[in-house]
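J.: Produce the entire structure from the sequences given, and follow the hints as far as they go.
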Amino acid sequence: MPETLTIIYLIYTFVALYFLSLFALTFAQNRKEIFSVPKPEKDYSVSVLIPAFNEEDSIRETVETALKSDYKNLLEVIVINDGSSDSTLKIALELREKYSKVKVLNKQNSGKADSLNHGIRYAKGDLIAVVDADSYPDEHAISSMVGFFNEEKVGAVTTRILVRHKDNFLRKMQAIEYKVIAFTRKLLDFLDSIYVTPGPMALYRKEALIKIGGFDKKNMTEDIEVTWHLIHDGYDVRMSFIAKSTSIAPDTLKKWFKQRIRWNIGGYQTILKYKKFFFRKGMLGYFILPFFSVSLVLGIFGLGILFYRMSRRLLLSYLSTKSSIASQTAILALQDINLNPSVLNFLGAVLFVLGLWFVFFALKTINKHIGENDNFFSVIFYSLIYILLRPIVIIVSLYKFSTGKYSWR
Amino acid sequence: MENKKHVFWQAFFVTVLIFLVGLVLGVYLEQIRTDNLSIAFYDSEVSLYDSFALGKLIEWNFTSCENLKEASINFADKIYGEARELERYDEKSKLTESIKSVHRKYDLLRTILWINAIDLKGKCAGMKMNTVVYLYVYDAEKIETKSNQAVWGRILSEVKEKEGNNVLLIPIAVDQNIESLDLLIGKHKIEKFPAVLINEKDVFYEHRTSDEIQGYLN
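Protein chains in written order, with my numbering: chain A, 1 to 409; chain B, 1 to 218.
Hints were generated in silico from the structure; no laboratory data involved. On a predicted model such as this, the values are computed, not experimentally measured, just so you know. C-beta: ideal position from N, C-alpha, C; glycine also. Be aware that a few hints might be false.
[Claimed, not checked] Restraint ranges, calculated between C-beta atoms of paired labels, are given here:
1. B:E212 / A:V396: 45 to 55 Å
2. B:N165 / A:F307: 43 to 53 Å
3. B:D119 / A:S311: 45 to 55 Å
4. A:F307 / B:D139: 18 to 28 Å
[Stated by the list, open to error] 20 Å max Cα-Cα, derived SDA-like pairs, lysine to any residue:
5. B:K5 / A:L25
6. A:K281 / B:F8
7. B:K56 / B:V46
8. B:K5 / A:R31
9. B:K146 / A:R313
T.: The structure is reproduced here in structure tokens:
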């Protein structure tokens, strides 16, 4: 009987291989439809909501970018000032003077979800576009997303979210990550399993948002929660893979860590809220919840196994070296070097190669479309090192979540 | 929707297929390693019987103690080398336990070699031959024990390298349920492991330098 750690490793490998196979097969079966978007059959009016809290550096460009949309029936761009203490409100009011479509709502600080709900009450459009105040949807974004609403069941549509300024190494890593996430999300679209409509650009059917009671004010990631809520209530969520919105990614590790902690805590809140639907309620219970939860568990276990093995090996090396020095014998002998691979090494290698292939394939697919390139060594660094930060974030956020030590800002 | 459900099953079957191929190849690889060691084991078994035969011949004065010593040392060196290879494979054996049973057979073989060496020293009084028996734990879980054993392994290799044919180095795992070995261990009152027993007289539990060990040899 193999030992416990071997069994855990085999289960881990199996689950990871399963998801890779699922994505590979989904791509193979839908590759011709990746970039296709339906032609709009109805002339939906669209209101753009931009919630803003202390966004004086970016709000002007975000509003002006939204106004440049080529969608003809863009009714209004509503800036909801969420009690900013900087000059966000002043800039918003200036923009209102300059552009007739710009409207400004001013309220006390109550968080992003509440600001959006406030905006929904004033919005006149059939569809609501939510754009973060530091994000920039391209001019075709809305027009390439509206067609998905031909189907009455569609409650929300998302698009590719990419990194705006790739001016440092951390942002380059995030740029690769965002592209891989966008590709994976499109594959999830074919499985009716998109689990988030990210804040930098998402289009919602207003009637659906009203029906579900808007965004959840208590959730740290209202964009995940609203997606699950829509799916729970029988709506479909789709993705336009030809449009994009760029967003300003954190430029320091500290900001990055804070953002990821928030995302993860929001994820845990959402899992807890919908836990009773595990293996019930269509794709939400049969795939999204298990997929979301398993990917968290895989991250924790992956790091756990790695940490356990590395710490044992380090401790063993430390103790052996210490005793070897005291005994005046060789610190490392040729006989200690074991180059015989085990079956677990082979499976690990297969998993790594397939994972790497997936990353390269996702990047190739997106880069070909947007005319970009990613440095080979950056991709390797992303696959070997950057990705290892995720389990650390999962564990820290789990700790914060279980002890209640978290807040939105 | 039907099509979407299919892909979940298809992915499952593809994964099972990849996984099964991996497991079958893994078991096959481990089996090949066990087979290779089994062949070496049978070869070593023949060498052991040969040294038994030499033991008989010395009683009939057909051969000298030196010849018998040389045969025992050569045999010990041979199985020491095989033991190293065995341990390398053993560390990487994750799916089957076949290597474990080969290990047990080797431990028995080395116990017999030890008994034979004691016997030889009795028959050839005054012959210069040192037995260094290294008793270690095969299934050591504690890191302290593992590191302790790794260092002992290096020290004793150094001793063997310096002393050459003057030393019969016999490493034996003590947790393999070998009754004759348990009796020998009890006779020498060895209670904790790893331990190094030199010429059935001096027992060491704590590390010594190779020079210090050499000081206890004849």
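J.: Need the list of violated hint numbers for this structure, in ascending order.
T.: Structure breaks no hint.
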